[in-house]
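A.B. asks: Protein sequence lines, in the order shown, are assigned to chains A and B.
Residue 241 in this note's numbering sits at position 241 of the first sequence, and the numbers go up by one each step.
This note's numbering runs 1000 ahead of the 1-based position in the second sequence.
Certain hints may be false.
Calculated cross-link-like contacts (lysine-lysine; reagent style BS3-like; alpha-carbon spacing at most 27 angstroms) [said to hold, decoys possible]:
hint, chain 1, residue 1, chain 2, residue 2
1, B, K1020, A, K268
2, A, K243, B, K1175
3, A, K321, A, K204
4, B, K1083, B, K1071
5, A, K146, B, K1006
6, A, K140, A, K108
Note that these hints are calculated values from the structure, not bench results.
Since we're looking at a predicted model, the values are computed, not measured.
Residue-level listing of the chains:
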Amino acid sequence: MKKRGRGIGLSFYGTGYGNGFPDVSNAWVRLLKDGKIGVYVGGAEVGQGAMTAFVQIAAEALGVPHDRVLLEIEDTLTTPDSGTAAATRQTYNTGNAIKIACENFKEKLKEVAKDILNLNSTAALEVKDGEVYLEIFPQKRVSLEKIADFLGGNILEAEGSFTAQTTKLDPETGQGAPYWPYTFSACGVELEVDTITGQVDILKAVLVQDVGRAVNPHLVEGQMDGGYAMALGYALFEDLNLKRGVMGNRKFSKYLIPTSMDVTELTKIIVEDPESTAPYGAKGIGEPVMIPVTPAILNAIYDATGVRITELPITPEKLAKAFSDFEKEG
Amino acid sequence: MKREFKVVGKNIHRVDAFKKVTGRAIYPEDIFMENMAYGKTLRSTIAHGYVSLDTREAEKIDGVLGIFTYKDVPNNRYGVVYKDQEVFVSKKVKRVGDPLAFVVAENEKLCDLALEKIKVYYEEIEGVFDPVEAMEEDAPKVHGKSNILYHFKIRKGDVEEGFRRSHVIVENTYKTHMVDHAFLQPEAGIGYIDEEGRVAVIVSTQYPHYDMEEIASTLNIPIDQVRVINAYVGGAFGGREDISLQIHLALAAKVLKRPVKTIYSREESFLAHSKRHAMVMRYKTGADKEGNLLAMETVIIGDTGAYASWGENVMRKAGVHATGPYYIPNVKVDSYAVYTNNPFAGAVRGFGATQVPVAYEQQMDALAVKLGMDPVTIRMKNIFKVGSETATGQILTEGVPLEECLSKLVEAMGYPYGKEAYR
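If we strip away everything but chain A, and leave its shape as in the complex, we get:
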């Protein structure tokens, strides 16, 4: 028999290494020969979109179009340590480090512009649209390209570093501020369960994600789609078939993950509430997007059938057995 139900799940996620461990990101910014700007960080692009977020944050801070920023992240020889691409920390931590480095870099640009423009002070100098200009007399202006020319071979660069604020938890009471910031998520699903076969079909799914501020809304939505699909696999499909330390399922023909056929259309809602300690208010969302989905599915199965599933994964075999046990017991 097919039964329908709805369920929701809420979750929160604390960003960063946490527990008072120094969570540091470093960034370097350098003026390149053609007036473009090089940004150097050790933060990895693992598909989450870090490179794009870094470029957008740098371009915003420097007041240049994004294609004037050249990002380098690959080589330990030429980039500073920006911590791991994990713990949902790159946009927040390394984003902050880049913003600080860019602000320091702007001060250095103004110093050079002061000399080029024959000014006595850097006061009222502004960096915008690839130029440094005097706000009170905008005819006094010089492009970054001209500044690079003026410097010849001399390198103009600045550094930025950001360390997140957390405290070590008390070992006996667990009291303290272990993570910051926290990011919030909500998911709802409507599904249909076949009580004979144990098959679960998701009919409708909504994921609402607090982001602080979306640096790039399309990339946020991409993460939401990915997190949803990953949670679907966690809840319904993925099984290592682990017995006495041996993984029975070690290839994708046996270890099943969702395909495009399994993933229903997901309604994605982004909630913006800028975080004051974050770069332009942007909190990380890489992990949070996955978290509320599994409990929403579990609660919807209960709503549909009256059976509470307490053990993952919810495979058809397990579900069918749970229903037949439930009916026997009444």
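Based on these hints, arrange chain B on the given structure of chain A.
C.D. replies: Chain B in isolation, oriented as in the chain A frame:
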């Protein structure tokens, strides 16, 4: 604060999109170097026992350039938090898939042949595969004298008093399983000596500067003599935080003075990287007649498998997030990371905070059922708001738009809110 941004908030194309969709992005598998050799790893097939190797016959094969074992590693120990992993097992195997040796040869076929010719002698001992059993005094020990790697506690208020005052109490045990990251690109890399004589490794990693430190530390060379180049990464999700093949490649390249390349098969990839912690979560949650949460007590046992990896941090994060995003005045949490002879568990998207909602969100619904309340109303009463205090005493001073998230969810779902009680 309303402020107009020029670049932030705009849907610019991913800066890596063009290279990726046109096949120009270079992954380690794509790299070929002059005079390049290949490496393959010999791994344990048992979960717990003593091991010894006889490599003499394999070494005689023409075209086999080197067989590296623990004897070749200056400092054999590494690990993200605790140095409890060995580059190659010296004595005791602790899980299926532990690296025993690294064979380097002129081609991959010769590597396979050499792997077959290495004689592996095991003396199997009893293993432990259930984290609850592993906590018992007389359980077989994976490392040292106890399998309990870490115990995290929260003690806030008085849970007994909170349960006494509760109108409804829900008690359940929830279990989650180990899963893989299932990223698309299996591990691959190439080690070589760069133009300045540094040991260089091209790999797909989440943290190149950490890999650099571990290579320097295990090979006992100055850190400025090591270089890690992060190629394009085909998904990670926490599975590329621990070392996999980085040290093997660096060691072989340093000794042989030749580029050495390794590509894991999918099946080896499953053996090589961490898994999501399986957890057993015993929950007891109490609320008053109006649905206000009064107390929560939980014991969470996490299976960190054969090695610590991020186990301590994962179980701390699970413990800190155990209440869910709800204000509860009385909280008692005991969260454990426990060694077993299972695959080692480490970082996976959500890092402990993904497992606990399987419990805390079902507890919320179960309480709602008992109270004849709908699931939205009970949550609205208890969710974190600006100024809320968490179970660890942290004050959420800003950025808590959970009520807005829930309201938007209810609207988009057409969810009954305050209208009908849960069935």
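A.B. asks: Take the hints in turn and mark each one as holding or not.
C.D. replies: Going through the hints against the structure:
Annotation: proposed proximity of B/K1020 to A/K268 holds, straight-line Cα distance about 25 angstroms (limit 27 angstroms). Restraint check: the Cα-Cα separation between A/K243 and B/K1175 comes to about 16 angstroms, which is no more than 27 angstroms; the hinted pair holds. For the proposed pair A/K321 and A/K204, the alpha carbon gap of about 25 angstroms is at most 27 angstroms, so the pair holds. Between the alpha carbons of B/K1083 and B/K1071 the distance comes to roughly 18 angstroms, so the proposed pair stays at or under 27 angstroms and holds.
At most 27 angstroms may separate the alpha-carbon atoms for a hinted pair to count; A/K146 and B/K1006 meet this at roughly 23 angstroms. Proposed proximity of A/K140 and A/K108 is supported: the alpha carbons are some 17 angstroms apart, at most 27 angstroms.
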